[in-house]
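**Q** Residue numbers (our numbering), protein chains in the order written: chain A, 1 to 308; chain B, 1 to 283; chain C, 1 to 269.
Each hint should be verified, as a subset may be incorrect.
Said to hold, decoys possible - Okay, the calculated bits of chain A under chain C, using three or more residues with CB under 8 Å as the criterion: (1) 87-100; (2) 118-124.
Said to hold, decoys possible - Sample of chain B residues lacking proximity to chain C, with all beta carbon distances greater than 12 Å (derived): (3) P11; (4) Q37; (5) R68; (6) N89; (7) R92; (8) G123; (9) V159; (10) R195.
Source of the hints: derived by calculation from the structure; they are not laboratory data.
Just so it is clear, the structure is predicted and the values come from calculations on it, not from any experiment.
Glycine is no exception: its CB is placed at the ideal position from the N, C-alpha and C atoms.
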Amino acid sequence: MAFLELEKLTRSFGAHNAVDGLTLGVEKGEFVALLGPSGCGKTTTLQMIAGFVEPTSGAIRLGGKDLLAIKPAKRGLGIVFQSYALFPHMTVAENVAFGLEMQGVAAAERRTRVAETLELVGLGAFGARFPRQMSGGQQQRVALARALVIRPQVLLLDEPLSNLDAKLREGMQIELRQIQRTVGTTTILVTHDQAEAMALSDRIVVMNQGKAEQIGPPHEAYERPATPFVANFLGKTNLVNGATVRPERISFAESGLAGTVRTRIFQGNHWLYQVDTASGLVTVIRQNTGEAMPGEGDAVHLGWEGRA
Amino acid sequence: MRAAPYLLCVPALVLFAGVVIVPLSMTVLLSFHDWGQYKGIEPVFILKNWHEVLSDSYFHEMFARTFRVAFFVTLLAALFGAPEAYILNRMRSPWRGIFLLVILGPLLISVVARTLGWALLFGGNSGLVNKALMGMGLISAPLPFMFTEVGVVVALTHVLMPYMVLAVWASLQRLDPQVENAAVALGAGPFTVLRRIVLPQVMPGILSGAVIVFALAASAFATPAIIGGRRLKVASTLAYDEFLNTLNWPLGAAVAVLLLLALIAVIWGANRLVERRYAQVFA
Amino acid sequence: MSRNGPIALTYHVLFVSFMLAPILVVCFVAFTPEGYLSFPTDRWSLRWFYAIAQYPEFISAFWRSLWLGAISSAIAVGISVPAALAIARYRFPGREAMTALFMSPLMIPHLVLGIAFLRFFTQIGLGGTFTGLVLSHIVVVIPFALRLTLASAVGLDRSIEHAAVSLGASESVVLRRITLPLVLPGLVSGWALAFINSFDEVTMTVFIAAPGTETLPVRMFLYIQDNIDPLVTSVSACVIAITVAALLVLDRAFGLERLLIGRSAGHGR
């Protein structure tokens with residue numbers, strides 16, 4: 001039996017099922033990402049675990065106990081909200097201490113644990129600041145510290161990095177992964193960013209229209225997508241003669257599918273090609289190794305593994 | 001859970017039911033009661049007051065004056081207030097805030113004090129306004145302002161001007177400044193930009209400001225009472241006299257209710273017009 | 001952004017002069033040394049300010065207006081907060097109608113309200129009482145209190161309260177430690193705007209105030225009806241000075257534009 005279990009979880013708004021019979025088991029210490037486009041039901045799922053939305057039917061169990069019977073305030077989950085939801089009228093230290101205060105932790109221990117946790121997220125010197133005096137990335141860490149300090153059974157991350165710029169996001173991804181490894185908290189991440197989900201999680205749940213299309217390790221879902229939706233959502237794909245082929249799996253060869261380069265775009269570490277072929281437009285990604293590459297209008301042949 | 005919002009609204013609902021709806025209904029009822037010099041208010045249901053208000057030429061004249069004054073006040077406020085809001089919006093940072101404060105601030109200063117200022121400025125033949133007008137050579141003899149419609153219109157325009165500036169200012173805030181630049185880049189001159197780009201977009205603001213100014217001007221009391229005096233009656237000062245001097249409350253109530261109905265009709269009509277004409281632009 | 005040309009600036013100067021002229025005139029005349037209305041030319045005098053002390057009606061009316069404004073605004077805010085939370089957070093049948101009802105005193109002429117209250121209070125035995133004044137002032141200032149509390153309730157990020165709940169806070173703790181502190185600026189500015197409107201209200205109050213319960217604007221109005229002399233200009237000058245001081249404080253604290261348009265500045269991003 002898994003640590004956190006969702007069983008046939010359903011939530012309908014009127015006639016529409018936002019979450020439709022979702023079943024998922026999360027092991028202790030595991031990092032699972034709920035991935036999908038907006039409106040796929042991933043946020044509703046998270047809110048049902050948190051207790052802010054009640055399921056229409058189905059069950060949620062944590063450590064074998066019925067979580068739905070417990071009030072949101074007593075569930076002991078750590079949540080990082082998309083907007084961070086920091087208390088603007090409290091200092092960083094007061095924000096982080098709030099949950100401990102609610103648990104009735106003594107002041108002295110509170111101070112130690114707040115200091116430890118702020119240190120963990122790299123904000124040891126910022127306790128006296130107010131949230132509005134901090135950058136987006138720093139606010140994000142405060143939100144993480146506030147959720148972690150109560151030693152939650154499960155950490156819920158709701159699009160935690162979507163308000164950061166691309167460069168900061170990458171750095172935070174690495175840091176988030178390291179922190180999660182250090183404290184070993186079972187974590188559920190909700191995101192629409194497939195790169196983020198694949199970078200952070202042990203398993204991903206690709207969701208579409210309230211249902212899980214595929215549950216599995218990231219590389220497995222990427223290499224062996226269960227459905228066309230998963231294939232498309234996890235990255236660029238080509239559908240050639242009924243087979244799905246990732247653009248980076250296709251190379252320029254001596255023989256193979258003949259075509260003409262329509263456009264060629266340089267993207268730094270790789271080249272992105274659009275090639276006209278008898279089977280339609282094919283996208284090709286080639287690593288930039290510094291070698292000369294075919295130009296626009298050139299006649300080329302395309303080959304890939306598994307092609308007859 | 002379903003009852004929660006209603007429970008939260010209970011205090012306000014109780015207040016409004018008890019202290020707004022009941023008194024207003026009583027006033028409407030009052031306008032149908034009879035009144036006599038010696039018998040006082042008689043709680044019967046008659047149409048005498050309404051008949052008097054609707055048929056007597058004295059009341060016609062007085063209501064005509066009320067709405068004439070309100071119309072000119074609205075016109076002047078729109079004509080002068082809208083350009084000022086536009087100029088304010090183009091000002092640079094510290095000045096913009098300062099002058100916004102200077103122009104909107106009077107809104108919060110006592111109407112009595114502001115009207116007193118106009119009474120002093122008009123003040124008979126030696127008033128400052130007449131001196132200035134004669135000094136500029138615009139007039140040769142002093143104009144009467146006190147106890148005239150012109151005086152009431154000028155003072156009321158001043159009193160209500162901030163509402164117009166505020167309404168236009170608010171609609172200018174929603175305007176994307178790049179749109180003006182886009183028009184300039186396409187070769188439009190400043191006047192064309194103003195007429196073809198800015199004006200159509202702030203028109204709803206001007207109209208909503210006009211509705212507010214008109215409603216407040218038509219029901220204004222202190223300013224017409226001080227500048228117009230007892231000689232130049234408008235609906236509100238007439239109702240005041242009926243209530244506190246003549247003591248014919250039912251007749252005064254009829255005047256007030258008629259004023260209220262007329263204003264509701266004007267506001268409703270104007271809102272319909274704004275919605276119909278501008279719904280597609282500002283969905 | 002393009003700048004204003006010379007014509008626009010000339011217009012602006014004339015406009016501002018028009019807006020300020022009557023206010024400045026009152027303040028100037030208040031300093032006259034003469035016994036009649038005139039501009040102080042070579043000599044300024046405070047004699048008409050000292051003269052206010054000789055008229056206890058003005059002093060007592062001032063204190064009454066202050067108390068009336070403070071009490072009725074506080075009650076209006078107290079009633080507005082739950083209503084604002086309901087309107088901001090729930091979608092329920094009758095929501096629009098209730099909002100319109102609570103904002104309606106803005107659109108009902110104060111003259112009509114004055115008449116209605118005069119009739120109502122006389123009937124129920126509150127005619128000419130301070131309680132009657134408070135009740136009527138709560139009604140006319142509620143839209144101002146509601147507009148600003150509503151703006152801050154709408155601007156409040158629900159997930160901040162969710163965060164507190166997830167950290168173990170009970171409903172009453174969330175209300176006390178999170179929700180109320182966050183809407184407090186809205187409450188204070190709503191109270192302040194309500195206070196100013198109550199303090200200045202004359203049209204409605206003139207109907208319901210009796211000798212002994214006259215507010216300052218009513219006393220000033222009745223005084224001007226009899227005659228205009230330098231005394232009422234010095235009283236007005238004091239009122240103007242107090243209002244301007246309050247205005248500057250409010251503008252620094254909340255921004256006048258936000259106060260009057262009722263937009264929420266929100267927190268953070």
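**Q** Each hint: holds or not?
**A** Status of each hint after checking the structure:
1. 87-100: holds (count 5)
2. 118-124: violated (count 0)
3. P11: violated, 5 Å
4. Q37: holds, 19 Å
5. R68: The claim stands: R68/B keeps its Cβ more than 12 Å from every Cβ of chain C (closest is about 17 Å).
6. N89: violated, 9 Å
7. R92: violated, 8 Å
8. G123: violated, 7 Å
9. V159: Its Cβ does come within 12 Å of chain C, the nearest being 9 Å, so this is violated.
10. R195: holds, 15 Å
Figure legend: structure checked against the earlier numbered hints; hints not met, in rising order: 2, 3, 6, 7, 8 and 9.
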